[in-house]
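Asks: One letter stands for each residue in the lines below.
There are 2 protein chains.
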Amino acid sequence: MATENITTSLPTRPAKQSNTHPLAPISADEIKNAVSIIKSQWPADTDLHFKALTLHEPAKAEAVPYIEAEFHGGELPRIERRVFVTYYLRQTDKFHEAVVNLTNQSIEYNVRLGPNVHAPLDGEEIMEFERIAIEDPKVQTELEKLQLPEGSRVVCDPWIYGSDGIDDDKRMLQAFLYMRDPQNAGEADSNHYALPLSVSPVISTETKEVIRIDYLPTGKDSNRSGPQPWQPKPSNEYLPEYQELRKDLKPLNVMQPEGASFSITEQGTSNIVNWQKWQFRLGFNQREGMVLYDVRYEGRNLFYRMALSDMNIPYADPRQPFLRKSAFDLGDAGAGIMANDLKLGCDCLGSIHYLSATLADDKGNPLDMPNVVCIHEQDSGIGWKHTNFRTGRAAVVRNRELVLQSIITVANYEYILAFTFNQAGEVSYEVRATGILSTQPIDEGVEVPWGTVVHPGVLATHHQHIFSLRVDPSIDGHSNRLVYDEALPMPRSDFNPHGTGYYVQETVVEKSGGYDLNPDANRTFKIQNAGVPNPINGKPVAYKIHAPPFQKMLADKESFNYKRAEFADRNVYAVKYRDGELYAGGQYTNQSRGGTGVRSWAERGEGIVDEDLVVFVQFGINHIPRIEDFPVMPCEIVKVAMKPVNFFDRNPAIDVPPSTQEFNKSTLLSERHQQGGVEGKVDGNGDVCCTTTSSKL
Amino acid sequence: MATENITTSLPTRPAKQSNTHPLAPISADEIKNAVSIIKSQWPADTDLHFKALTLHEPAKAEAVPYIEAEFHGGELPRIERRVFVTYYLRQTDKFHEAVVNLTNQSIEYNVRLGPNVHAPLDGEEIMEFERIAIEDPKVQTELEKLQLPEGSRVVCDPWIYGSDGIDDDKRMLQAFLYMRDPQNAGEADSNHYALPLSVSPVISTETKEVIRIDYLPTGKDSNRSGPQPWQPKPSNEYLPEYQELRKDLKPLNVMQPEGASFSITEQGTSNIVNWQKWQFRLGFNQREGMVLYDVRYEGRNLFYRMALSDMNIPYADPRQPFLRKSAFDLGDAGAGIMANDLKLGCDCLGSIHYLSATLADDKGNPLDMPNVVCIHEQDSGIGWKHTNFRTGRAAVVRNRELVLQSIITVANYEYILAFTFNQAGEVSYEVRATGILSTQPIDEGVEVPWGTVVHPGVLATHHQHIFSLRVDPSIDGHSNRLVYDEALPMPRSDFNPHGTGYYVQETVVEKSGGYDLNPDANRTFKIQNAGVPNPINGKPVAYKIHAPPFQKMLADKESFNYKRAEFADRNVYAVKYRDGELYAGGQYTNQSRGGTGVRSWAERGEGIVDEDLVVFVQFGINHIPRIEDFPVMPCEIVKVAMKPVNFFDRNPAIDVPPSTQEFNKSTLLSERHQQGGVEGKVDGNGDVCCTTTSSKL
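Protein chains in written order, with our numbering: chain A, 1 to 697; chain B, 1 to 697.
No lab work stands behind these hints, which were simulated from the structure alone.
Across the chosen pairs, the derived CB separations fall in these ranges: (1) B:Pro234 - A:Gly477: 24 to 34 Å; (2) A:Pro491 - B:Glu510: 27 to 37 Å; (3) A:Thr507 - B:Glu124: 42 to 52 Å; (4) B:Gly477 - A:Gln228: 31 to 41 Å; (5) A:Glu206 - B:Gly477: 57 to 67 Å; (6) A:Gln228 - B:Ala59: 53 to 63 Å; (7) A:Gly477 - B:Gln231: 27 to 37 Å; (8) B:Glu241 - A:Arg78: 45 to 55 Å; (9) A:Pro491 - B:Glu298: 46 to 56 Å; (10) B:Ile107 - A:Glu506: 51 to 61 Å; (11) A:Asn223 - B:Ala59: 48 to 58 Å.
Calculated cross-link-like contacts (lysine to aspartate or glutamate; reagent style DMTMM-like; alpha-carbon spacing at most 25 Å): (12) A:Lys563 - B:Glu486; (13) B:Lys277 - A:Glu241; (14) B:Lys220 - A:Asp494.
Beta carbons are placed, not taken as given, at the ideal position from N, Cα and C, and that holds for glycine.
Could you build all of it, start to finish, from the sequences and the hints given here?
Replies: See the structure below:
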């Protein structure tokens, strides 16, 4: 593997055309190249509206020999470079999918996609449709009925239309309308979610016209009274200048005076990350955001690929248009293209390395995405400790973690997405949901059982957040199996005379399918390599999945919501690996019908014992809004972790250096009291701790 | 309330005899006073073996008016000061319980306790029995049969005997024997758990004699071959000097250059903590360790008292003596008396304030316990964020937390116990299990379904860790109710035509009892004050309980284990408040029979709607050991949280100042690469972030 150890924080650096890693995201030049090849298929003045321009990953059968040769220093096989492209003929419904072979400068296929297959939204059209929705004369007429105060500014959140099987074959948007605080309408960041309006235009994305105007129900039932004269409501701003800010928070800084412990080796558009025996390649693309490839620990294979596969947020209000609110924030938008530009010192604390990416805009031009990933270490408390009570000698190490974080904004909501590695061989994926509830108007004095009034006139409907993490394991190799352990009580017997005994039983998952947790049996899924026994106890090396139980998709099995979010009904899906099966909700989620995602793949019922299998781990939150979630919600955190089981020969963190004051430089808060706080001083001559000399008795 | 704002890190400061807060732990002088009063009840030369010397908390009916007067500045009622004492006549089974009234200098009662009521272990007797077990001639004879190498040093972990109803009325200890690495027997901290022996003496604590020697079963069945010549086994040391330590970990320091944001007001033996609108009194006692009293947010009542109530660790091996292994680490030992002396820079990182405590030893002398609690702030990532995609303006704050941490060592295991507060009104309790597995010998080549071989010849039996947090709420007052919400699908109907609707249904818990979570219904327990409606949406103010599901006690309902660990079969117990009902497993857990804990109180079936109720929240881990847990296990983390629901009128953290580079001083890792790391430089002229000027459009 190329070991040129260059670290950079500059977002623009020319891609290395030679030696382009087959799993590296496509570069700016490759974007332009693919676009020109696609354009060459059409008359010169055809306006193509690009949607996806992303690496078409090589077949695993090619990629694995490459990365093994790369790791072990062999000759690298040649792998052709391909780009996956989707596009419209602009302002038509002619949606195309193509694969361009850049190595051969050819098109492998370029087909028009069938009905009910629609592209995700993109940023440019969202802005455009916001304007169209508000400026449309029919909409203006309706808005006038609201008799809004002079100078009011109406704002629009364009939403995916969703699916209900009722004249929904064409690509449309449902525009939810709000307004800024009318008393401060010049404030461009006024929290419009506090002032929802009951008029909701529907836009055809093909014709870019408002084709219908829906009235939102604002009571307990299906009645829609249409726009009524607007009653003054208070605002609810979140910007700091509208708050009486706390004055007593002292700074807390994280310093790494000798630098960070990780190294980043830039190789074109991807990066190799090395930290505390972990090594992996980090990519970033339009749809998934961060992708981890070829994750190894001390050189041992662990994961071929790991990335968020999709998420689904279905809403609980059964009435139109809300029954169609079911967002797939990756498939309908994209965790890469929606990623925030992370600001030093605001989003990430400590010694930070930023990674930027190159994506594409709707015209097929490369689009710089600066600082979409921040990488840093953090201290996460004690890693392990033991004190021999007889001698008082303590051995303690701290738990240092490596964090790779990205934040996406999908209209009202934010998701903070982070891969975290620690020194005990554990890798986790954490999602923090924050941002603003998607709100709708409600009449005064009305309560409904499917939502919470979070502000006068504002209803936040209950909704689920269901995430799916795709884990393509290679635990000491690619022939793996999925098993689950359960802890079961032993029946009373002569051998178990007091009814205290219990045992663990392992069940092999034979076929692809969806599987659930069972906390009452402590059911724990593990991915094993049955061919590699642990050197101490002979058990197959494995990694277990720590995923919290969650309430699965509540929508019933006949619903579009259920059929479309194919991952949302099980804690785990396991399938036999097939190239191209990356997205648990299917390739095209916008106004989809289902049938193209992980549930469908699993129904093939293929054997997955000692095979190349892929596991989708679901986790989530049933968000029942509360007042405290408004105007912006405090982060709600949900996390899955992969932990070694009999993979190592002892605690992999046993060799972490002891936690010492010399290294950590904590400060003892002193006796002197100052206004509003306590002054710290470093206690250089403090208690000797964690002595490294052993005691002899 | 006294507002003398003195901060101190000195462990010894004279107790203020006047103005002693009724909830403050007893002072050294009070210990001596109580002891002398008890001793005066006995002939002068009677050797009393003290077990508990702790505050006998005043009746809540007295304490509440006191703390309300204290808070609001009224006249403080007089409350008598009492000490709870238990003691033996040394080396007898005459175990006594007494309450001493220090105000009156009298004894309120002093009774001998009945059969099957035994005291916890204490540190002095543990050390003594270790010696007795090893030096006993009968034991020496057995050990000789092992033919241990010359110079071997045998070590003993004395364990609570447990209960099986078989001649177990007397107080005994089960001594598990191990040895140091015979090739390095001078190493006092050799990991003896790697070398377990099959001879296990039983000691009468009354006579201080070995009364029986058990042979441990070492195969798959109940056979006990007795001590066989010892076969050489490798060692498995955890001390750093026996490891090849990692060399590439760079320091990470946490600095608070302007000091910390919390203030600690010392009032005798307790401390008032103020931080970010939180205020509470912190106590510390022998059994519970940290106790939080009178927890308020912006002056509003939240919790009258919060503390770990007990924990139970039952083991899965059904054979003698292991079927009796069921440790109650608070009731059998004590989270206060077992607390580590926390070392600056080793256990706690950042700007640290330490609190010390005064407990008592077995002779009734005050015992200084330095640095048993560390208090510090920490950064826990982003608190909330929203970016208006139209303007790009981000509002973001970080999540600052206050941590109060204590670590207990109970022979082989450690538990890191921490209360954490954040700026969004949330308080959580986290337990990290670490330390060393309790091991037993196993023959080579044997596997058993109730444990894992973690080292040649070493079996670590499966076991559960079940914790119980006692929460005595006072949500905006003492008349509270427990309810639970469930999210349920709406049936299909004209109103729910597409099967997508769902609603939340609230159920009031009418009577005391044990209740379970149900993740499939998203069942969420809340403690409400039905008499205080939220000003925005009228819903009763509440705090919800976030507790992870766990596998309840596996031992069957007729077992001693089940009968004794009365909390271990339910996620939540709710009871009507009664003075003195603090410990979910009962007052006396050592070799107990059950019937005196929370399950028994709950069986009273009292109404708890709009009453003074107490909630016990259980959470835990079924620990199925893996190789990676040896020689010391990486922390396994489990956590419960209490979060506001419609308690506030908006996000309580909305007024946290924005996260800015100026405040946070993150470092941008630069281009220059240094050997083994990357150098950091502070980017003073970096990107402007999180501008405070609003944009106007």
